[in-house]
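Visitor: Listed below are the residues making up each chain.
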Amino acid sequence: MDIHISPHDGVPIYLQIVTQVKYLVAAGRLAPGDELPAIRVLAERLLVTPNTVARAYRELEVAGVVEKRRTAGTYVADAGSPLARRERLKILAGRVDALLAEARQLGVRTDDVIDLIRQRDELLQPAPEEV
Amino acid sequence: MVAVPSEFSGNVIEVAGLTRRFGRKAALADVRLAVPRGGVFGLVGVNGAGKTTLLKHVLGLLRAKAGTVRVFGRDPAADPAGVLGRVGYLSEEPDLPGWMRVRELLRYTRAFYPSWDEAFAEELRAAFGLDPAARVKHLSKGQRARTGLVLALAHRPDLLVLDEPSSGLDPIVRRDILAAVIRTVADEGRTVLFSSHLLHEVERVADRVALIDRGRVVFSGGLDDIKGTHHRLTLRFPGPLAAPPPLAGALAWDGAGAEWAALCSGALDELRGAAAGCGAQVVAHRVPSLDEIFVARVGEKATAPVEG
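One line per chain: the protein sequences are A and B, in this order.
All letters in the first sequence, in the order written, are residues 163 to 293 by the numbering used here.
All letters in the second sequence, in the order written, are residues 955 to 1262 by the numbering used here.
Keep in mind the hints are simulated off the structure, nothing from the lab.
Since we're looking at a predicted model, the values are computed, not measured.
A hint or two may mislead.
[Said to hold, decoys possible] Label pairs and their calculated CB-CB ranges:
| hint | chain 1 | residue 1 | chain 2 | residue 2 | range |
| --- | --- | --- | --- | --- | --- |
| 1 | B | Pro1034 | A | Arg220 | 39 to 45 Å |
| 2 | A | Ala193 | B | Pro1034 | 42 to 48 Å |
| 3 | B | Thr973 | A | Arg257 | 47 to 53 Å |
| 4 | B | Lys1019 | A | Asp259 | 33 to 39 Å |
| 5 | B | Phe1074 | A | Leu251 | 47 to 53 Å |
| 6 | B | Ala1196 | A | Gln267 | 22 to 28 Å |
| 7 | B | Ala1133 | A | Val258 | 56 to 62 Å |
| 8 | B | Gly1193 | A | Arg266 | 33 to 39 Å |
| 9 | B | Gly1211 | A | Ala193 | 31 to 37 Å |
| 10 | B | Phe1074 | A | Arg191 | 47 to 53 Å |
| 11 | A | Asp240 | B | Ala1065 | 53 to 59 Å |
| 12 | A | Arg257 | B | Gly1227 | 46 to 52 Å |
| 13 | B | Gly977 | A | Asp164 | 52 to 58 Å |
| 14 | B | Tyr1062 | A | Arg257 | 57 to 63 Å |
In this text, a Cβ means the ideal position worked out from N, Cα and C, and glycines have one as well.
Just chain A, with the same shape it has in the complex:
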């Protein structure tokens, strides 16, 4: 799991982990059923406190991205679960609100925002496996 922490840019570290795991899942580099590293293992590798990793995993669990299995570990959730889907849409709605507010403030029309989302989505399509 390829995660990089940048302590300089002001984004809380747990959020950097959350965002990057979501990205890895979205890009297909983490598949449903894949196991995430144990909290202390990832903490030591990233040199961040275990509490930060634990918080990131909690947020990812609430967002339905990962699930805990019998306290044996944290796994990427099956995207098909309806509960997870509802949770994800709820979180996305908040992000969309923030995005629209910012767009309005910057004078960008909603149609242009939608076009931009399509463009970015194409860029996010899983790239062919590099050898």
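Place chain B on chain A using the hints.
Guide: Then chain B, alone, in the frame of chain A:
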């Protein structure tokens, strides 16, 4: 003053009303500090702010003249054996006997700690590439720091105290030290207190932070809380301003003309309201880094008279 034994409250360290003067200089002024059990507590401040003096009180190397210091509910100056046996300590320049060989130093230190874990000490020594036959005085600065780290960790202390551990060390040794901090707290219930002026390191590994400036605790709290109550707002005014306007909550300003960035403390909607109140539009908002908060907080006090 006779210290009344305090009820052990679950905080590993409790400091209250601690004041210390060196001559006319107030090194610590009415310091209050509570370090809860588990997690990493970062003590930040510029050199000479009082971090080392505070840590020396925690370790019982200095006796509190005014105020109280409790570690594991005990006074470290009155009961050094009861406290220091459970504490691992690494200072910026570890004072190690240069004539000893690494092997001898480990054996010597082990005698002081009933809980010394020989297998763990050996594991750390090997991982750090420390030659057991090398004389301490011939070790590089980095290897000396690693030796100090083995001595501080090998008895698996309940509390690990590090005073500017990364200062002047190369990134690889710094990494070893930070990894040791993480490993220590990953063991259930252990606590780390470390001082540093490398704020990006503190931001990475600390759960809680206290900022010390000229002997005073400017703020103390969870890193997430501190970051959640500070905001960097970029404001756009209808016309150019010679100086930023008074804005409730603003700690520091940066900018020119019609656009000014304020580092503020407070609730975001109140800050937005205050900005609107002085005719400004908030065009950007982000969470500041600990470094930015530190500069804004310490800069704020730079004009206040230094007492002494």
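Visitor: Determine which of the earlier numbered hints do not hold for this structure and return their numbers in increasing order.
Guide: Of the numbered hints given earlier, those the structure breaks are 2, 4, 7, 8, 9, 10 and 12, listed in rising order.
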